[in-house]
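Asks: These protein sequence lines map, in sequence, to chains A and B. Read in order, the letters of the first sequence are residues 287 to 585 in this note's numbering. Read in order, the letters of the second sequence are residues 3 to 254 in this note's numbering.
Simulated from the structure, these hints should not be mistaken for lab results. Keep in mind that a hint or two might mislead.
Pairs of lysine to any residue residues, derived as SDA-like cross-links and limited to a Cα-Cα distance of at most 20 angstroms, are as follows [to be verified]: (1) B:Lys4 - A:Gly316; (2) A:Lys482 - B:Arg50; (3) A:Lys482 - B:Ala73; (4) A:Lys482 - B:Glu210; (5) B:Lys4 - A:Leu560; (6) B:Lys4 - A:Asp557; (7) B:Lys4 - A:Glu564; (8) B:Lys4 - A:Ala313; (9) A:Lys482 - B:Arg211; (10) B:Lys4 - A:Tyr555; (11) A:Lys495 - B:Glu210; (12) B:Lys4 - A:Phe377; (13) B:Lys4 - A:Lys482; (14) A:Lys482 - B:Gly76; (15) B:Lys4 - A:Gly583; (16) A:Lys505 - B:Ala49; (17) A:Lys505 - B:Gly48; (18) B:Lys4 - A:Tyr318; (19) B:Lys201 - B:Leu254; (20) B:Lys4 - A:Arg561; (21) A:Lys482 - B:Thr77; (22) A:Lys576 - A:Thr289; (23) A:Lys482 - B:Ala49; (24) B:Lys4 - A:Leu321; (25) A:Lys505 - B:Asp47; (26) B:Lys123 - B:Asp62; (27) A:Lys482 - B:Gly74; (28) A:Lys299 - A:Gly565; (29) B:Lys194 - B:Gly112; (30) A:Lys388 - B:Gly234.
Stretches of chain A that chain B covers, calculated by requiring three or more beta carbons in the stretch to come under 8 angstroms of a beta carbon on chain B [to be verified]: (31) 311 to 318; (32) 345 to 357; (33) 472 to 480; (34) 554 to 561.
A virtual CB, placed ideally from N, CA and C, is assigned to each residue, including glycine.
One letter stands for each residue in the lines below.
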Amino acid sequence: MNTSVNLAGVVLKNPVMTASGTFGSGAEYGEYVDLNRLGAVVTKGVANVPWEGNPTPRVAEVTGGMLNAIGLQNPGIDVFCRRDIPYLRQFDTKIIVNVCGKTENDYLEVVERLADEPVDLLEINISCPNVKEGGIAFGQDPKAVEHITAQIKKKARQPVIMKLSPNVTDIAEMARAAEAGGADILSLINTLTGMKIDIHRRSFVLANKTGGMSGPAIKPIALRMVYQAAHAVQIPVIGMGGIVTAEDAIEFILAGAAAVSIGTANFMYPDATLRVIEGIEAYMRRYGVKDIGELVGAV
Amino acid sequence: MKSQIEATVLSQRQLATGIYDMWIEAGEEMTGARPGQFVTLYCEDGARILPRPISLCEIDGTRIRLVYRTAGAGTREFAQWQAGRQVRLMGPLGNGFPIREENALLIGGGIGIPPLLELAKRLPGQKTAVLGYRDRELFLREEFSLHAPVEIATEDGSAGVKGNVLDVIRQKSLEAQVIYACGPTPMLRAVKAYALEKKIRCYLSLEERMACGIGACLACVCRSTEVDEHTGVHNKRICKDGPVFEAREVEL
Numbered sequence: 287m288n289t290s291v292n293l294a295g296v297v298l299k300n301p302v303m304t305a306s307g308t309f310g311s312g313a314e315y316g317e318y319v320d321l322n323r324l325g326a327v328v329t330k331g332v333a334n335v336p337w338e339g340n341p342t343p344r345v346a347e348v349t350g351g352m353l354n355a356i357g358l359q360n361p362g363i364d365v366f367c368r369r370d371i372p373y374l375r376q377f378d379t380k381i382i383v384n385v386c387g388k389t390e391n392d393y394l395e396v397v398e399r400l401a402d403e404p405v406d407l408l409e410i411n412i413s414c415p416n417v418k419e420g421g422i423a424f425g426q427d428p429k430a431v432e433h434i435t436a437q438i439k440k441k442a443r444q445p446v447i448m449k450l451s452p453n454v455t456d457i458a459e460m461a462r463a464a465e466a467g468g469a470d471i472l473s474l475i476n477t478l479t480g481m482k483i484d485i486h487r488r489s490f491v492l493a494n495k496t497g498g499m500s501g502p503a504i505k506p507i508a509l510r511m512v513y514q515a516a517h518a519v520q521i522p523v524i525g526m527g528g529i530v531t532a533e534d535a536i537e538f539i540l541a542g543a544a545a546v547s548i549g550t551a552n553f554m555y556p557d558a559t560l561r562v563i564e565g566i567e568a569y570m571r572r573y574g575v576k577d578i579g580e581l582v583g584a585v
Numbered sequence: 003m004k005s006q007i008e009a010t011v012l013s014q015r016q017l018a019t020g021i022y023d024m025w026i027e028a029g030e031e032m033t034g035a036r037p038g039q040f041v042t043l044y045c046e047d048g049a050r051i052l053p054r055p056i057s058l059c060e061i062d063g064t065r066i067r068l069v070y071r072t073a074g075a076g077t078r079e080f081a082q083w084q085a086g087r088q089v090r091l092m093g094p095l096g097n098g099f100p101i102r103e104e105n106a107l108l109i110g111g112g113i114g115i116p117p118l119l120e121l122a123k124r125l126p127g128q129k130t131a132v133l134g135y136r137d138r139e140l141f142l143r144e145e146f147s148l149h150a151p152v153e154i155a156t157e158d159g160s161a162g163v164k165g166n167v168l169d170v171i172r173q174k175s176l177e178a179q180v181i182y183a184c185g186p187t188p189m190l191r192a193v194k195a196y197a198l199e200k201k202i203r204c205y206l207s208l209e210e211r212m213a214c215g216i217g218a219c220l221a222c223v224c225r226s227t228e229v230d231e232h233t234g235v236h237n238k239r240i241c242k243d244g245p246v247f248e249a250r251e252v253e254l
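Given only the sequences and the hints, what does the whole structure look like? Please build it.
Replies: Structure below.
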């Protein structure tokens, strides 16, 4: 039984990775999960300089999901390279660094800085709904998506994943724009912009007013978008959005995802990634699937 | 490797309006738990995906006591649980209060009172508990009085001194070498100012909305005076670096 997947020449032992922002840089969850078992660890977004993030409250629960407006707090690329990459390198897993920025130059600076670092893939976050500049501003216009992708591809030493926003009218158009810009891989969906109001205080629950919705409630939307994106491009797609169980993950793979990310489910079960890996293997045994590639896009 | 804990409810009763008292058998992990640490407790209703952080009120070997307020649908679900129920939790989490052998003031406001009970039991030196309540529903007061003299403040004046915990402290000229406090942010702000004024060492237990509970998601941060070594910015993680902070470390 072969569970390994090849993403732009990088071979992951299985198709299960973490979703950026839900797993820190691995150290905290490393107490609960043997990181050697993961296909890859996708780090919390890192910028060229430290970011303070948004005021609190930064999270709120909603039915079947949650809203977050962390605001991409991160210690900056220097600390990241000095501390987080060496930590992750101890494990037999692939390292995918999520890159964020406020301007095109911010992104390029991080990408260039990572050129000589032992990381396997870069994931470019052009889809964070919680920061005023950058982030989603690059991800909602196909011309901007194609442009920033092309600029990053000129500088990047590692294969590039463009992470797409679901807060668009036509996800297929965005997927094609990223592919046209030279993206090696796509990942989607980032969170859906949402809101929660405290009717007793008559105020917004999140200090940021809006936040990105994630969790099991968004899964049908994410699945539809992954299906549309995967059918719009030739490059591999990493599917995510509300995956909690192996059954959820298999749906995404059948819809066309070459790999999957586990995000909010880590907060529900700290070993959610391992449960999904074991469940996928059980499914493959049950149906006599010899290679996980047989399942990709098989609907 | 750590894991989520399958635990069993041993008992549950109501202590006061909206205040519940639950003992849980939570296994070997709890034997090293410290006062001021917390657990995160999961709902059974799958629509409520995030665990709720609840501080440890007492620790007795593998058994823990949670005294909590019903604040929403999740904690209302907890309040329905009866003895024998299987539940999921994580913990003990966070740092807890440092135990110092000095003359101590334990200052608790409202639902910030319970985490001080185990501390009151364990502090070896002279100690006084100053407890602030809304009204005459003085939950846990008698249990504190087994370990320390207790001073009471109530907002409506129905018991003890009318006013807040600092009114009691000033009125009774209570002295201390160390303060431990847990309660609403305005109270903590006032306690911090008092401690700085009197040059008393002071530890504050903070609270914020959490998601992961283990330091990964960066939801529950507080403003730190200095750049924090882990986060690289002026933020500390309440779940991981706290919930207890030396008062000068944090800005409230």
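Asks: Now look at each hint and say whether the structure bears it out.
Replies: Now the hints, each set against the structure:
Of the supplied pair hints, the one linking B:Lys4 and A:Gly316 holds, its CA atoms being roughly 9 angstroms apart against a limit of 20 angstroms. The suggested pairing of A:Lys482 with B:Arg50 holds, with an alpha-carbon distance near 15 angstroms, which does not exceed 20 angstroms. Proximity of A:Lys482 to B:Ala73 is assessed by CA-CA distance (about 16 angstroms); at most 20 angstroms being required, the pair is judged to hold. Proposed proximity of A:Lys482 and B:Glu210 is supported: the alpha carbons are some 17 angstroms apart, at most 20 angstroms.
With a CA separation close to 14 angstroms, the supplied pair B:Lys4 and A:Leu560 stays within the 20 angstroms bound. Our distance criterion of 20 angstroms between C-alpha atoms is met by B:Lys4 and A:Asp557, whose separation comes to about 10 angstroms. Taking the CA atoms of B:Lys4 and A:Glu564, the gap is about 19 angstroms. The hint holds against a cut of 20 angstroms. Using a Cα cut-off of 20 angstroms, the hinted pair B:Lys4 and A:Ala313 holds, with the two alpha carbons roughly 13 angstroms apart.
Our distance criterion of 20 angstroms between C-alpha atoms is met by A:Lys482 and B:Arg211, whose separation comes to about 14 angstroms. Of the supplied pair hints, the one linking B:Lys4 and A:Tyr555 holds, its CA atoms being roughly 12 angstroms apart against a limit of 20 angstroms. Between the alpha carbons of A:Lys495 and B:Glu210 the distance comes to roughly 17 angstroms, so the proposed pair stays at or under 20 angstroms and holds. A threshold of 20 angstroms between alpha carbons decides the hint, and for B:Lys4 with A:Phe377 the separation of about 18 angstroms falls inside it, so the pair holds.
In summary, the hint linking B:Lys4 to A:Lys482 is not supported, as the alpha carbons are separated by about 33 angstroms, beyond the 20 angstroms threshold. Between A:Lys482 and B:Gly76, the direct Cα distance comes to roughly 17 angstroms. Compliance with the 20 angstroms bound is thereby established for this hinted pair. Note on B:Lys4 and A:Gly583: the hinted pairing is violated, with a Cα-Cα distance of about 36 angstroms set against a maximum of 20 angstroms. Proposed proximity of A:Lys505 and B:Ala49 is supported: the alpha carbons are some 13 angstroms apart, at most 20 angstroms.
A distance of roughly 14 angstroms separates the Cα atoms of A:Lys505 and B:Gly48; the hinted pair therefore holds under the 20 angstroms criterion. A C-alpha spacing of about 5 angstroms is found between B:Lys4 and A:Tyr318, which places the hinted pair at or below 20 angstroms, so the restraint holds. The straight-line distance between the Cα atoms of B:Lys201 and B:Leu254 is roughly 18 angstroms, inside the 20 angstroms bound, and the hint therefore holds. Under the criterion of a C-alpha separation no larger than 20 angstroms, the hint pairing B:Lys4 with A:Arg561 is consistent with the structure, at around 15 angstroms.
For the given pair, A:Lys482 sits about 19 angstroms from B:Thr77 by alpha-carbon distance, which is consistent with the 20 angstroms threshold. Only pairs whose Cα atoms come within 20 angstroms are accepted, and A:Lys576 paired with A:Thr289 is accepted, the gap being roughly 8 angstroms. For the suggested pair A:Lys482 and B:Ala49, the alpha carbons sit about 16 angstroms apart, so the restraint of at most 20 angstroms is met. For the suggested pair B:Lys4 and A:Leu321, the alpha carbons sit about 13 angstroms apart, so the restraint of at most 20 angstroms is met.
Only pairs whose Cα atoms come within 20 angstroms are accepted, and A:Lys505 paired with B:Asp47 is accepted, the gap being roughly 18 angstroms. For the given pair, B:Lys123 sits about 11 angstroms from B:Asp62 by alpha-carbon distance, which is consistent with the 20 angstroms threshold. About 14 angstroms separates the Cα atoms of A:Lys482 and B:Gly74, which keeps this hinted pair within 20 angstroms; it holds. Between A:Lys299 and A:Gly565 the CA atoms are separated by roughly 15 angstroms; this keeps the pair inside 20 angstroms, and the hint holds.
For the proposed pair B:Lys194 and B:Gly112, the alpha carbon gap of about 17 angstroms is at most 20 angstroms, so the pair holds. Among the hinted pairs, A:Lys388 with B:Gly234 is consistent with the structure: their alpha-carbon atoms are about 18 angstroms apart, no more than 20 angstroms. Given a C-beta distance limit of less than 8 angstroms, the hint that chain B covers the segment 311 to 318 of chain A holds, as 4 residues qualify and 3 suffice. Using a Cβ-Cβ cut-off of 8 angstroms, 9 residues of the segment 345 to 357 of chain A lie near chain B, which meets the minimum of three, so the contact claim holds.
Check result for the segment 472 to 480 of chain A against chain B: violated, 0 residues qualifying (beta carbon to beta carbon below 8 angstroms, three or more required). For the segment 554 to 561 of chain A, the stated coverage by chain B is satisfied: 4 residues place a CB nearer than 8 angstroms to a CB of that chain, which reaches the threshold of 3.
Going through the hint list in order, the structure does not satisfy hints 13, 15 and 33.
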